[in-house]
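Listed below, chain by chain, are the residues.
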Amino acid sequence: MTLFEVMDILDAKVLVGREELNVEVKTAFSADLLSDVLAFAKAGSLLLTGLTNPQIVRTASILDIAAIILVRGKIAPDETLRLADELNIPMLSTRYILFETSGRLHAAGIVGCVEKVGRDDSVAL
Amino acid sequence: MNLNYENSFTIEGGNFEDAGKIAVEIKKTLKNMGITGDTLRKTAIATYESEINIISYAKRGVINVRVTPECVFLNIKDEGPGIEDIEMAMREGYSTASYRIRELGFGAGMGIPNIKNCSDDFELTSEVNKGTHLRIVINMNNS
Chain A
24 MTLFEVMDIL DAKVLVGREE LNVEVKTAFS ADLLSDVLAF AKAGSLLLTG LTNPQIVRTA
84 SILDIAAIIL VRGKIAPDET LRLADELNIP MLSTRYILFE TSGRLHAAGI VGCVEKVGRD
144 DSVAL
Chain B
-9 MNLNYENSFT IEGGNFEDAG KIAVEIKKTL KNMGITGDTL RKTAIATYES EINIISYAKR
51 GVINVRVTPE CVFLNIKDEG PGIEDIEMAM REGYSTASYR IRELGFGAGM GIPNIKNCSD
111 DFELTSEVNK GTHLRIVINM NNS
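Note that the protein sequences, when read in sequence, are chains A and B. For any residue, its number in this note's numbering is found by taking its place in the first sequence, counting from 1, and adding 23. Here this note's numbering is used: position 116 in the second sequence is 106, and no number is missing along the way.
Note that these hints are calculated values from the structure, not bench results. Any given hint might turn out to be false.
Taking lysine-lysine pairs in the PhoX-like style, the calculated list, with each CA pair at most 25 Å apart, reads [what the hints assert, rightly or not]:
1) K11/B x K49/B
2) K49/B x K65/A
3) K11/B x K97/A
4) K65/A x K18/B
5) K49/A x K97/A
6) K65/A x K21/B
7) K18/B x K67/B
Computed footprint of chain B on chain A; a stretch qualifies when at least three of its residues, placed anywhere within it, have a C-beta under 8 Å from a C-beta of chain B [what the hints assert, rightly or not]:
8) 54 to 61
9) 75 to 83
Bear in mind that the values here come from a model prediction, so they are computed numbers and not experimental data. Ideal Cβ positions, reconstructed from N, Cα and C, are used throughout, including at glycine.
Next up, chain B with everything else stripped away, as it sits in the complex (with noise of 0.2 Å):
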C-alpha cells in the first residue's frame, strides 16, 4: 500500500449543484489507497462539510488533501466573509445559513462542530472579510 498522496481542489462559491462532488472524489481515491475504516469516514466527513461550508459561505476556496503512512493532512483556505464569532460557531445549533443552504438540508450549525469530531487535531482560524483557515489532522487507523 502506498501511502503518500498530495492534491488539491478547487471549489466556487455558491455552485450549489455540485455540492459534495469533490469530497465523494477525495473519499473514492483515499479508499482506492488501501484507507479504510474510520480514517476514511472522518476524512470523507470532515471534507464533505468543508465542501459545502465553502460553496454556501466563500467566494471561492480549496482543499488540500496530504495523505503520508501516519496522517491524513487537510488543509482548507478560503476567500469569504470569515467567521465572525468562532466560538459561536463552534456551537452545535448555530447558524448563519440562507434559506438557499438549508433547502438543500444543511444550515443546521452541525458543520463545524462535525469537522472537529472527526478530527484528531484542529485548528480553526479566520478573519472577517477575508477568508476562514481549516487545518486538520486525522490519524491512520491502529492497525
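The following block holds chain A by itself, in its conformation from the complex (with noise of 0.2 Å):
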C-alpha cells in the first residue's frame, strides 16, 4: 500500500515528505527501544514510535526505513523535523495509540517485518 493509503487508515497528518507520499510500504515495526529497532527492523518498513527525538531520523536513516509514523498524537521537535526533511524520511501523526495503529496496519494487509525473534526454546517459561 502507498504512504497515501497509509495516512488514510490511520487518519494522519503529513509531518515531513507530502512529495513521498506515493511510496509503497509491505512491512512495518513498532517499537519505543531504538535499541529493538536497529536489531529487528528491516528496509523498506514502516517505522511506528512514541519517540520524537532526531535519533528516530537517524536510526530510520541508518536501516533504509520508508517512513516514521508517530503514534498517541505526537509531533516531534523542529531539529527532528529538520532532519527528517534533511534526510528525506517522511514522517506522519497519527492520534491513535501504538497498539490500535499496528492493528489497523495488519487488517489493512501490512505485516510485521519478523514475526518472532530468537528461537522456539529461547524463552523460559
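Grab the two chains, each in its own frame, and use the hints to assemble them into the complex.
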C-alpha cells in the first residue's frame, strides 16, 4: 500500500515528506526502543513509535526505513522535523495509540517485518 | 567504482544531541562509493551502535573506517570505563545504561550483540578504567 493509504487508514497528518506519499510499503515495526529497532527492523518498513527525538530519524536513515509514523498524537520537535527533511524520511503523526495503529495497518494487509525473534526454546517459562 | 577509502572520526562522550550523526555520514560516504546491500546495512548498524556506545559510556572515542575491494574494516577505540564483564555485555538484554541513555530509546542491552551479528569477524577487548577496543570486519557483498 502507499503512504497515502496509510495516512488515510490512520487519519494521520503529514509532518514531513508530502511529496513522497506514493512510496509503497508492505511491512512495519513498532517500538519505543531504538535498540530493538536497530536489531530487528528491516529496510523499506514503516517505523511506528512514540519517540520524537532526532535519533528516530538517524535510526530510520541507517536502516533505510520507508517512513516514520508517530503514534499517540505526538508532534516531533523542530530539530527532528528538520533532520527528517534533510535525510528525506517521510514522517506522519496519528492520534491512535501504538496498539491501534499496528492493528489497523495489519488488518489492511501490512505485516511485521519479522514475526518472531530468537529461537523457539529461548523463552524460559 | 573506487573501493579504497580510509577516515577517522572523533566522538565526544556525553554528546547525546549529535548521537548518530557520524554513522549517518559514514553510511552516506560508503553509499556514494557504490557500496550497497548487506555490506552497507551492516556497516551502518555497526558504526551507529558503536557511536551510541561511545557517547553513552566513554570520555571520547575514535571510529576508523577502512574500505578495500574485499572488506570494510572498522576499528573503534575509546577512552572510558571499559567493560568489566565482556561475557555479560555480549548477552542480549544485559545493560548498564543510565536514565539519560534509556530516555533516548537506547540502552536495552542489544548494542554489542547487534554489532556482532553485523560482523563477519569481530573482536572485543577491554581494560577496566582505560577503554574498549572493537575490531570488526564486514565482507563485501558477493556481487
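Which hint numbers does the structure go against, in order from smallest to largest? Hint 2 alone not satisfied by this model.
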